[in-house]
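Peer 1: Below, each chain spelled out in residue letters.
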Amino acid sequence: MNAAFWILAAITVAGAVLAVSQRNLVHCLLALVLFFLGIAGHYFLLRAEFLAAVQILIYIGAVAVLILFAIMLTRNVTGTEIPREILGGKWWTGAATAAIIAGLLAWAIRADRTTATPSGAAVLVRELGLTLMKDWAVPLEILAVLLTAALIGAVVIALEEPPHPNPLPRRGEGTPRPLGERPAAPSSAQTGEGKSGGAA
Amino acid sequence: MTIPLHHYLLLSAVLFAVGLCGALTRRNAIIVLMAIEVMFNSAILNLIVFWQYRGFAAPTPQMIAIFAIAIAAAESTVGLALVIAVYRHYKSVNVEEFTALKG
Amino acid sequence: METVYKWLKNLATGAPDWALLGVAMLVAIGFLLAVFPGVFAFITWAERKGLGRIQNRMGPNRVGPVGLFQPIADGLKILTKEDIVPRRADGFVHFLAPVVAVVPALLALVVVPVGAGLVAVNLNIGILFAFAVSTASVLALFMAGWASRNKFSLLGAMRAVAQVVSYEVPTVLSAVVVLMVVGSLSTLDIVESQRGWFGWHVFKPWGAIGFFLFTCGALAEAGRTPFDIPEAESEIVAGYHTEYSGFKFALFQMGEYLASLAMMSIGVTMFLGGYLGPGSGPGVLGTLISMGWFFAKLLAMIAVVIWIRGTWPRLRVDQLLAFAWRFLLPLSLINIVAAGLWHFIPSKPVGWGVSAALLAASCWVLTRLNGRAYIEKRSYRLTS
Numbered sequence: 001m002n003a004a005f006w007i008l009a010a011i012t013v014a015g016a017v018l019a020v021s022q023r024n025l026v027h028c029l030l031a032l033v034l035f036f037l038g039i040a041g042h043y044f045l046l047r048a049e050f051l052a053a054v055q056i057l058i059y060i061g062a063v064a065v066l067i068l069f070a071i072m073l074t075r076n077v078t079g080t081e082i083p084r085e086i087l088g089g090k091w092w093t094g095a096a097t098a099a100i101i102a103g104l105l106a107w108a109i110r111a112d113r114t115t116a117t118p119s120g121a122a123v124l125v126r127e128l129g130l131t132l133m134k135d136w137a138v139p140l141e142i143l144a145v146l147l148t149a150a151l152i153g154a155v156v157i158a159l160e161e162p163p164h165p166n167p168l169p170r171r172g173e174g175t176p177r178p179l180g181e182r183p184a185a186p187s188s189a190q191t192g193e194g195k196s197g198g199a200a
Numbered sequence: 001m002t003i004p005l006h007h008y009l010l011l012s013a014v015l016f017a018v019g020l021c022g023a024l025t026r027r028n029a030i031i032v033l034m035a036i037e038v039m040f041n042s043a044i045l046n047l048i049v050f051w052q053y054r055g056f057a058a059p060t061p062q063m064i065a066i067f068a069i070a071i072a073a074a075e076s077t078v079g080l081a082l083v084i085a086v087y088r089h090y091k092s093v094n095v096e097e098f099t100a101l102k103g
Numbered sequence: 001m002e003t004v005y006k007w008l009k010n011l012a013t014g015a016p017d018w019a020l021l022g023v024a025m026l027v028a029i030g031f032l033l034a035v036f037p038g039v040f041a042f043i044t045w046a047e048r049k050g051l052g053r054i055q056n057r058m059g060p061n062r063v064g065p066v067g068l069f070q071p072i073a074d075g076l077k078i079l080t081k082e083d084i085v086p087r088r089a090d091g092f093v094h095f096l097a098p099v100v101a102v103v104p105a106l107l108a109l110v111v112v113p114v115g116a117g118l119v120a121v122n123l124n125i126g127i128l129f130a131f132a133v134s135t136a137s138v139l140a141l142f143m144a145g146w147a148s149r150n151k152f153s154l155l156g157a158m159r160a161v162a163q164v165v166s167y168e169v170p171t172v173l174s175a176v177v178v179l180m181v182v183g184s185l186s187t188l189d190i191v192e193s194q195r196g197w198f199g200w201h202v203f204k205p206w207g208a209i210g211f212f213l214f215t216c217g218a219l220a221e222a223g224r225t226p227f228d229i230p231e232a233e234s235e236i237v238a239g240y241h242t243e244y245s246g247f248k249f250a251l252f253q254m255g256e257y258l259a260s261l262a263m264m265s266i267g268v269t270m271f272l273g274g275y276l277g278p279g280s281g282p283g284v285l286g287t288l289i290s291m292g293w294f295f296a297k298l299l300a301m302i303a304v305v306i307w308i309r310g311t312w313p314r315l316r317v318d319q320l321l322a323f324a325w326r327f328l329l330p331l332s333l334i335n336i337v338a339a340g341l342w343h344f345i346p347s348k349p350v351g352w353g354v355s356a357a358l359l360a361a362s363c364w365v366l367t368r369l370n371g372r373a374y375i376e377k378r379s380y381r382l383t384s
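Protein chains in written order, with my numbering: chain A, 1 to 200; chain B, 1 to 103; chain C, 1 to 384.
Everything labelled a hint here was simulated from the structure, so no lab data went into it. Backbone N, C-alpha and C define an ideal beta-carbon position, used for all residues, glycine too. Worth double-checking, as some hints may not be accurate.
[Claimed, not checked] A short list of chain A residues far from chain C (calculated; beta carbon distances all over 10 angstroms): (1) Ile7; (2) Ala10; (3) Val17; (4) Ala99; (5) Ile100; (6) Ala106; (7) Thr148; (8) Ile157.
[Unchecked claim] Result set (DMTMM-like, lysine to aspartate or glutamate): computed pairs, CA atoms no more than 20 angstroms apart in a straight line: (9) A:Lys90 - B:Glu96; (10) C:Lys49 - C:Asp74; (11) C:Lys77 - C:Glu47; (12) C:Lys77 - C:Asp90; (13) A:Lys90 - B:Glu97; (14) B:Lys91 - A:Glu141; (15) B:Lys91 - A:Glu161; (16) C:Lys151 - C:Asp90.
[As the list claims (entries may be wrong)] If you want a taste of the chain A side facing chain B, the calculated C-beta under 7 angstroms gives, among others: (17) Asn24; (18) His42; (19) Leu46; (20) Ile58; (21) Ile71; (22) Leu105; (23) Trp107; (24) Ile109; (25) Thr117; (26) Thr131; (27) Ile142; (28) Ala144.
Build out the structure end to end from the sequences listed, making use of the hints.
Peer 2: As structure tokens, this is what we get:
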């Protein structure tokens, strides 16, 4: 199955590279979906079929839609949608760090030449289910609590509040006013909140 | 002829590096979160590769992978909720504008 | 595919293995690609005729006998239409959205057994794979609404996405009930567990409620009446496919119908006994009879769905979401409990009685909780 591995590897790397380099946000997201599909293909190759289906179900079915909603809710409704530069200031430090880490990992992998062959074993879903319910029952319950907490937390964080009397200033506008003073420009704060509220 | 182990490890290392580069260089907070997802997935791929190539008796690596996917989904949910909340204050998702805590 | 492969091996013993596998794959894929779009074309004719008769008119009867060539005429018309893409639309995403709408439906058909042993790929995780790829079609709705750069498209897409995502949960939970009792995710195992007189899952109390839940979810995910907000004439222009014309629009329609066909096939597999029926068994004649049974059940479900479309009004979008979250979801959770009780109570009649009573009581309670409060919330402001 050599050809399958190389094709899937090409798809996966292309998806990842496009996902972090595109200018348009929705194109980035589509490349990310391609990346997820490539990873799911690799899971199929590695005989972890349940995990591949779970990957498609959770990442493409839920996380991608979530990111789409976030993109839609954080659009710049006035002015241009795509900023001029996509890279932050001093971006070469980030790129250098990533290159150094890639080099370190490649050197560590090359230094190890153990000849391990894939066992070709696949785990039946029945066995996964039994293990989940018997040995991993407590982590399962903790995961359920964690997911519920994340759900409630996300809703609370993203909930719309009435406009703050003293909003934080944007970059370059000066220091924030202490609480207790009257707001300087209530009309702009109101229309700003109303606009983002209307778009949500 | 099967795929040698280090090919898979190199693949996941490359994907991790790509995700790291994206997380450190892009200005848009949502793309930073997408790059973090790329890093997550490459790490879980690494885990499953070792499961296949080392022959574990119990399906422990797959269990870890399932839990990791669930936790990654929860983390991206909360992260995007934070981005939406920050957008309401700053009216932008540019990470260079979030300077309220700067010393 | 494995059945075809074994049959080919018996036929041509000298041929190399990869050639036999390739031919078996091509036969399986060709069968899926030929039969199910053919059934889609048949449905378009049957729907127009059926709706016409329900509405006291004839339906298409000009093109061919009884109007049977109408799908061909429709196809030719829509292929020759101009393909309009708005200038400010995102070209790449606009082009890709209809494709992403069709492909998951075809992928979900891969695990459906259309006859005794005739499944394209007998995956160990069959049903999970089918549900996983049908959740991927949510992206197509959003891509279509976003790429059109049209506020109405975006609004329609948001409503369609909310509808599909809300109805995924009761659908999957109602499938979980079947998987619990059968103990396997493979579609062949699920069908084989329904052997015997009245062995279909729909004849058991949790199966009947599960079938109802699954059908509601399948109708809503495919966007058929009474849940067809995105494509209703009185709604927001045309929803997410406002800016599509020509072949791309036809692909959207095909994607919707194929998705409903895929979900109905999975419903037939899980609840109505798949290809089982008197006379279906191994052997060539038995296999053909089993295929006949499968398609007969599928056509019966299609007929019921067309009937529902012709007779019931459509739900408003908030009624639709309330129906999913306040009625179907609690009912699906109680269904799981009832199935557990049915399975584990030692004496059969007591088990049947307890689970049936629990389901009936929960249906009544949920109807009472949802009906009255909701209807009384409306208030009419009359002009004086």
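Peer 1: Give a verdict on every hint.
Peer 2: Hint check results:
no. : hint               : result
1   : Ile7               : holds, 17 angstroms
2   : Ala10              : holds, 19 angstroms
3   : Val17              : holds, 17 angstroms
4   : Ala99              : holds, 30 angstroms
5   : Ile100             : holds, 35 angstroms
6   : Ala106             : holds, 33 angstroms
7   : Thr148             : holds, 15 angstroms
8   : Ile157             : holds, 20 angstroms
9   : A:Lys90 - B:Glu96  : holds, 11 angstroms
10  : C:Lys49 - C:Asp74  : holds, 14 angstroms
11  : C:Lys77 - C:Glu47  : holds, 18 angstroms
12  : C:Lys77 - C:Asp90  : violated, 26 angstroms
13  : A:Lys90 - B:Glu97  : holds, 15 angstroms
14  : B:Lys91 - A:Glu141 : violated, 39 angstroms
15  : B:Lys91 - A:Glu161 : holds, 15 angstroms
16  : C:Lys151 - C:Asp90 : holds, 14 angstroms
17  : Asn24              : violated, 11 angstroms
18  : His42              : holds, 6 angstroms
19  : Leu46              : holds, 5 angstroms
20  : Ile58              : holds, 5 angstroms
21  : Ile71              : holds, 6 angstroms
22  : Leu105             : holds, 4 angstroms
23  : Trp107             : violated, 10 angstroms
24  : Ile109             : holds, 5 angstroms
25  : Thr117             : holds, 6 angstroms
26  : Thr131             : holds, 6 angstroms
27  : Ile142             : violated, 9 angstroms
28  : Ala144             : violated, 9 angstroms
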